[in-house]
Amino acid sequence: MIDTVILSWTTFIYLAVFAFYLIRMLSGKEIWGRLGTAAALMALLAQTAALILRWVASYQMGIGHAPLSNLYESLIFFSWSIMALYLVIEWRTKSRSLGTFVAPVAFLCMAYASLSPNISSRIQPLIPALQSNWLTSHVITCFLGYAAFTVAFASGLMALLKGMERDTSTPDGTALGKNNVTPPQTNFQRFIGHIPEPGILDELIYQSAALGFVFLAIGIMTGSIWAHYAWGSYWSWDPKETWSLITWLIYAIMLHARYVRGWRGKRMAVMAIVGFISVLITYLGVNYLPGLHSYQ
Amino acid sequence: MSKKNPVWSFFASVKLAIVLLILISVASILGTLIPQQEAAGLFISRLSPGMADMLRGLQLFNIFHSPWFMVLMGLLALNLVVCSLDRFPMAWKRFRQEGAPNREDVFEGILPDQVTIKETPLAEEAQRLEVLLKKKTGRVSRGDADDRSYLYGEKGAYSYFGVYLIHLSVLVVMAGFIVGFFFGFEGYMSIPEGESSAIVEMKRGKGVKKLDFAVRCDRFFIDFYENGAPKTYRSDLTFMQDGRAVHSSSALVNHPVTFAGMRFYQASYGMIPTGDPVMAVMQGDNKVKDVKVAIGMEFDLPEKKAKVQMTRVEENLMGMGPAVKLNIQSPAGKIQFWVFEAIEQIVQANPGLLEQVPLFNPDAFAPYTFSLGQADKRYYTGLQVARDPGVPFVATGALLMMIGFIIVFFCSHRQIWICLDRKAGKTRIRIAGKSNRDAVGLKRDIRKLLDGIKLNGDATI
Numbered sequence: 001m002i003d004t005v006i007l008s009w010t011t012f013i014y015l016a017v018f019a020f021y022l023i024r025m026l027s028g029k030e031i032w033g034r035l036g037t038a039a040a041l042m043a044l045l046a047q048t049a050a051l052i053l054r055w056v057a058s059y060q061m062g063i064g065h066a067p068l069s070n071l072y073e074s075l076i077f078f079s080w081s082i083m084a085l086y087l088v089i090e091w092r093t094k095s096r097s098l099g100t101f102v103a104p105v106a107f108l109c110m111a112y113a114s115l116s117p118n119i120s121s122r123i124q125p126l127i128p129a130l131q132s133n134w135l136t137s138h139v140i141t142c143f144l145g146y147a148a149f150t151v152a153f154a155s156g157l158m159a160l161l162k163g164m165e166r167d168t169s170t171p172d173g174t175a176l177g178k179n180n181v182t183p184p185q186t187n188f189q190r191f192i193g194h195i196p197e198p199g200i201l202d203e204l205i206y207q208s209a210a211l212g213f214v215f216l217a218i219g220i221m222t223g224s225i226w227a228h229y230a231w232g233s234y235w236s237w238d239p240k241e242t243w244s245l246i247t248w249l250i251y252a253i254m255l256h257a258r259y260v261r262g263w264r265g266k267r268m269a270v271m272a273i274v275g276f277i278s279v280l281i282t283y284l285g286v287n288y289l290p291g292l293h294s295y296q
Numbered sequence: 001m002s003k004k005n006p007v008w009s010f011f012a013s014v015k016l017a018i019v020l021l022i023l024i025s026v027a028s029i030l031g032t033l034i035p036q037q038e039a040a041g042l043f044i045s046r047l048s049p050g051m052a053d054m055l056r057g058l059q060l061f062n063i064f065h066s067p068w069f070m071v072l073m074g075l076l077a078l079n080l081v082v083c084s085l086d087r088f089p090m091a092w093k094r095f096r097q098e099g100a101p102n103r104e105d106v107f108e109g110i111l112p113d114q115v116t117i118k119e120t121p122l123a124e125e126a127q128r129l130e131v132l133l134k135k136k137t138g139r140v141s142r143g144d145a146d147d148r149s150y151l152y153g154e155k156g157a158y159s160y161f162g163v164y165l166i167h168l169s170v171l172v173v174m175a176g177f178i179v180g181f182f183f184g185f186e187g188y189m190s191i192p193e194g195e196s197s198a199i200v201e202m203k204r205g206k207g208v209k210k211l212d213f214a215v216r217c218d219r220f221f222i223d224f225y226e227n228g229a230p231k232t233y234r235s236d237l238t239f240m241q242d243g244r245a246v247h248s249s250s251a252l253v254n255h256p257v258t259f260a261g262m263r264f265y266q267a268s269y270g271m272i273p274t275g276d277p278v279m280a281v282m283q284g285d286n287k288v289k290d291v292k293v294a295i296g297m298e299f300d301l302p303e304k305k306a307k308v309q310m311t312r313v314e315e316n317l318m319g320m321g322p323a324v325k326l327n328i329q330s331p332a333g334k335i336q337f338w339v340f341e342a343i344e345q346i347v348q349a350n351p352g353l354l355e356q357v358p359l360f361n362p363d364a365f366a367p368y369t370f371s372l373g374q375a376d377k378r379y380y381t382g383l384q385v386a387r388d389p390g391v392p393f394v395a396t397g398a399l400l401m402m403i404g405f406i407i408v409f410f411c412s413h414r415q416i417w418i419c420l421d422r423k424a425g426k427t428r429i430r431i432a433g434k435s436n437r438d439a440v441g442l443k444r445d446i447r448k449l450l451d452g453i454k455l456n457g458d459a460t461i
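Residue numbers (the working numbering), protein chains in the order written: chain A, 1 to 296; chain B, 1 to 461.
Careful: at least some of the hints might be erroneous.
Restricting the straight-line Cα-Cα distance to at most 25 angstroms, the calculated cross-link-like pairs of lysine to any residue (SDA-like) are [said to hold, decoys possible]:
| # | chain 1 | residue 1 | chain 2 | residue 2 |
| --- | --- | --- | --- | --- |
| 1 | B | K93 | A | A257 |
| 2 | B | K231 | A | S137 |
| 3 | B | K434 | A | G193 |
| 4 | B | K454 | B | V106 |
| 5 | B | K231 | A | N133 |
| 6 | B | K448 | A | T93 |
| 7 | B | K231 | A | I52 |
| 8 | B | K15 | A | T93 |
| 9 | A | K94 | B | R437 |
| 10 | B | K231 | A | A257 |
| 11 | B | K304 | B | P273 |
| 12 | B | K434 | A | G199 |
| 13 | A | K266 | B | I18 |
| 14 | B | K231 | A | K162 |
| 15 | A | K94 | B | K443 |
| 16 | B | K134 | B | A439 |
| 17 | A | K162 | A | N133 |
| 18 | B | K206 | B | S45 |
| 19 | B | K231 | A | L22 |
| 20 | B | K15 | A | E203 |
| 21 | B | K203 | A | E203 |
| 22 | B | K231 | A | S120 |
| 23 | A | K94 | A | S137 |
| 24 | B | K209 | A | Y206 |
| 25 | A | K94 | B | G138 |
| 26 | B | K443 | A | I52 |
| 27 | B | K135 | B | E104 |
| 28 | B | K434 | B | A395 |
| 29 | B | K206 | B | A175 |
| 30 | B | K203 | A | S236 |
| 31 | A | K266 | B | K203 |
| 32 | A | K266 | B | L23 |
| 33 | B | K15 | A | A257 |
| 34 | B | K155 | B | V172 |
Output of the computed footprint for chain A on chain B, the stretches with three or more beta carbons under 8 angstroms from beta carbons of chain A [stated by the list, open to error]:
| # | region |
| --- | --- |
| 35 | 147-158 |
| 36 | 227-236 |
| 37 | 378-390 |
Read the hints as simulated data drawn from the structure, not as lab findings. We put the beta carbon where it would ideally sit given N, CA and C, even for glycine.
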């Protein structure tokens with residue numbers, strides 16, 4: 001199938017995107033960043049085309065459905081959402097540092113989809129339980145939420161790295177400053193130097209977590225409507241439902257801690273990482289638990 | 001006021017909310033790791049009796065319906081109500097607060113680009129700005145003094161209520177949960193094809209419920225894709241009241257049937273034996289008919305003008321298993337032979353048997369082949385039955401939550417003050433603003449106002 005060929009190429013381009021963004025931060029040369037953005041745009045367009053081709057192909061097979069129906073397709077759409085959201089943020093903030101932390105997640109999703117022997121890339125017909133108009137809206141809203149949480153997680157990692165540099169550089173930094181000698185920057189220092197200021201990261205963590213929170217809420221709502229028609233109950237404490245609620249509660253805690261208790265910086269970064277772990281359990285971990293929601 | 005009450009302050013704290021949310025999360029995690037309800041059986045059997053009793057005592061095998069989980073939820077609801085009541089007056093005050101137009105303090109420390117000098121008379125500029133500001137904020141209050149004019153406009157003051165709407169929505173969803181828990185039910189019925197039933201087996205071991213109508217499964221239908229995956233499960237149902245059919249409809253997965261306020265879902269299916277063994281009459285690969293096995297059973301094969309009769313039915317003929325003796329009368333004459341259920345194995349064990357003993361040949365009356373099947377099987381359909389009067393509450397809650405999200409994340413309170421005064425024979429215009437959430441949007445509004453002034457010509461700066 002042509003779509004799977006394009007998608008395996010996309011996988012490698014995302015790896016290249018990661019490399020370009022990383023080299024940019026290590027070398028400090030912006031040309032690598034521009035290269036990364038160009039490659040990311042190209043890969044995203046190719047991925048979009050592959051998804052459309054897959055959609056069309058399913059109709060030609062007489063089993064037409066949106067390419068959002070199994071683990072393979074969901075991984076593809078997850079990485080698509082991550083990169084699409086990232087490119088919007090890059091365009092809005094004019095900053096490429098986030099890409100170094102987001103692109104590897106998109107790459108790993110694609111690599112897992114393409115390389116895992118347990119994941120079939122075949123276009124499969126929809127089993128009766130999935131034959132619903134709610135499938136598309138449920139999956140899209142959930143994965144947009146997951147993508148936003150991925151951005152919050154990446155920003156959290158950046159904030160923690162930035163914080164590490166603070167802790168190590170202050171003692172002798174003042175002494176050198178007095179002699180007016182600029183020390184040669186190591187690659188790591190340059191790397192850290194490219195990470196945006198904590199205030200900006202904080203805003204990014206908050207905004208992406210809030211975006212994910214809203215999308216996950218809509219995802220849970222569309223899922224509940226679907227369950228109401230498919231399973232006889234809008235909520236049945238199935239492991240995936242329960243974990244989606246846990247994830248939502250974690251981000252609810254995070255947002256309230258910020259609004260009311262004024263959490264910033266490191267604490268928000270840690271919450272973003274905890275939340276993302278919960279997202280991963282919701283998405284992949286629950287497949288190892290018995291329930292109605294497992295991917296086949 | 002009761003606000004100094006320690007119980008009140010305990011429930012008004014966000015710390016409590018965070019602790020409760022963490023506890024509910026931990027309980028939910030346990031609920032996904034420990035097998036729950038019916039699934040717990042196998043797990044319990046692997047535990048020591050003492051351990052099993054302890055976990056059962058803590059209701060860890062039915063966490064989501066356990067009293068202590070309900071208590072956690074109840075505390076969260078109470079916390080939510082008290083927190084909101086505690087803070088609401090402040091939001092109300094902010095909402096009602098009339099922005100006095102003639103405030104000087106807001107202009108302290110404004111940026112230089114928020115000040116413009118114009119040649120036009122003050123009154124004319126004030127008039128124009130009032131119109132511009134009205135376009136931005138809807139309502140404008142104006143204060144005129146001898147040498148100066150103040151304008152004040154605001155919008156989105158309602159955005160202080162968004163968070164309370166979200167809290168209310170959570171409470172409405174919880175109310176829906178409770179209504180469904182107490183006044184709804186979930187159960188299961190299994191109905192063989194062609195039969196009807198009024199018995200619903202309730203979930204969570206709550207016994208059975210007898211409906212005051214019966215559900216008949218006219219047909220269960222299953223279809224597969226070429227790769228063998230299931231494509232359609234469908235039950236054609238008829239609802240019977242006092243023996244009369246009152247409503248017919250098909251239940252498919254994702255398309256339940258609603259009747260008498262209950263929803264019937266296609267949930268499962270299976271096969272059951274119908275009781276009597278059956279003899280199949282085949283012509284090549286086509287089945288001509290199935291006949292119930294019984295002594296004296298008669299049927300016709302019209303194509304050959306034949307009349308067939310079962311003259312003997314043996315459970316185990318000569319140690320070769322069940323067999324039926326047929327007597328066939330046709331224009332071609334009369335023929336008798338035995339039909340064995342296990343004919344294939346018999347022939348395999350005795351090669352050439354059919355040639356030697358034509359009496360055992362099921363193909364003896366060409367072009368027909370007779371075979372004894374096992375007892376015939378029939379589909380039964382498994383229907384999930386549910387009635388949940390809490391659904392409208394939950395749906396309303398979800399809608400309120402969406403509106404709340406839109407208000408909290410997309411709306412903000414913006415206040416804009418404008419002061420016009422005379423400075424060295426010219427008109428000085430200063431614009432200041434405040435926003436609770438959206439500083440960027442406010443800046444954009446102010447910029448547009450400034451652009452609006454400049455568009456009107458003779459700007460001197």
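Status of the hints after comparison with the structure:
1. B:K93 <-> A:A257: Within the cut-off at roughly 24 angstroms; holds.
2. B:K231 <-> A:S137: holds, 22 angstroms
3. B:K434 <-> A:G193: violated, 34 angstroms
4. B:K454 <-> B:V106: holds, 23 angstroms
5. B:K231 <-> A:N133: holds, 16 angstroms
6. B:K448 <-> A:T93: Holds, at roughly 22 angstroms.
7. B:K231 <-> A:I52: Given pair K231 of chain B, I52 of chain A holds - Cα atoms ~24 angstroms apart, limit 25 angstroms.
8. B:K15 <-> A:T93: Violated: K15 of chain B and T93 of chain A sit about 34 angstroms apart, past 25 angstroms.
9. A:K94 <-> B:R437: Roughly 22 angstroms between the alpha carbons, so the hint for K94 of chain A and R437 of chain B holds.
10. B:K231 <-> A:A257: Answer violated: K231 of chain B to A257 of chain A is near 48 angstroms, above 25 angstroms.
11. B:K304 <-> B:P273: Violated, at about 32 angstroms.
12. B:K434 <-> A:G199: Given pair K434 of chain B, G199 of chain A holds - Cα atoms ~21 angstroms apart, limit 25 angstroms.
13. A:K266 <-> B:I18: Cα-Cα ~18 angstroms, so holds.
14. B:K231 <-> A:K162: Not satisfied, since the Cα-Cα distance of roughly 53 angstroms exceeds 25 angstroms.
15. A:K94 <-> B:K443: Status holds; Cα separation ~20 angstroms.
16. B:K134 <-> B:A439: holds, 20 angstroms
17. A:K162 <-> A:N133: violated, 45 angstroms
18. B:K206 <-> B:S45: holds, 23 angstroms
19. B:K231 <-> A:L22: Distance ~48 angstroms between K231 of chain B and L22 of chain A Cα, so the pair is violated.
20. B:K15 <-> A:E203: holds, 23 angstroms
21. B:K203 <-> A:E203: Measuring from Cα to Cα gives roughly 47 angstroms; hence the hint is violated.
22. B:K231 <-> A:S120: Between K231 of chain B and S120 of chain A the Cα gap is close to 19 angstroms, so the pair holds against 25 angstroms.
23. A:K94 <-> A:S137: Violated: K94 of chain A and S137 of chain A sit about 31 angstroms apart, past 25 angstroms.
24. B:K209 <-> A:Y206: The given pair, whose Cα atoms are some 51 angstroms apart, is violated under the 25 angstroms limit.
25. A:K94 <-> B:G138: violated, 34 angstroms
26. B:K443 <-> A:I52: violated, 41 angstroms
27. B:K135 <-> B:E104: holds, 24 angstroms
28. B:K434 <-> B:A395: Measuring from Cα to Cα gives roughly 36 angstroms; hence the hint is violated.
29. B:K206 <-> B:A175: Answer holds: K206 of chain B to A175 of chain B is near 22 angstroms, not above 25 angstroms.
30. B:K203 <-> A:S236: holds, 12 angstroms
31. A:K266 <-> B:K203: violated, 47 angstroms
32. A:K266 <-> B:L23: The hint holds at about 23 angstroms.
33. B:K15 <-> A:A257: Holds, at roughly 9 angstroms.
34. B:K155 <-> B:V172: violated, 28 angstroms
35. 147-158: violated (count 0)
36. 227-236: holds (count 6)
37. 378-390: holds (count 4)
Against the hints set out earlier in the document, violations occur for numbers 3, 8, 10, 11, 14, 17, 19, 21, 23, 24, 25, 26, 28, 31, 34, 35.
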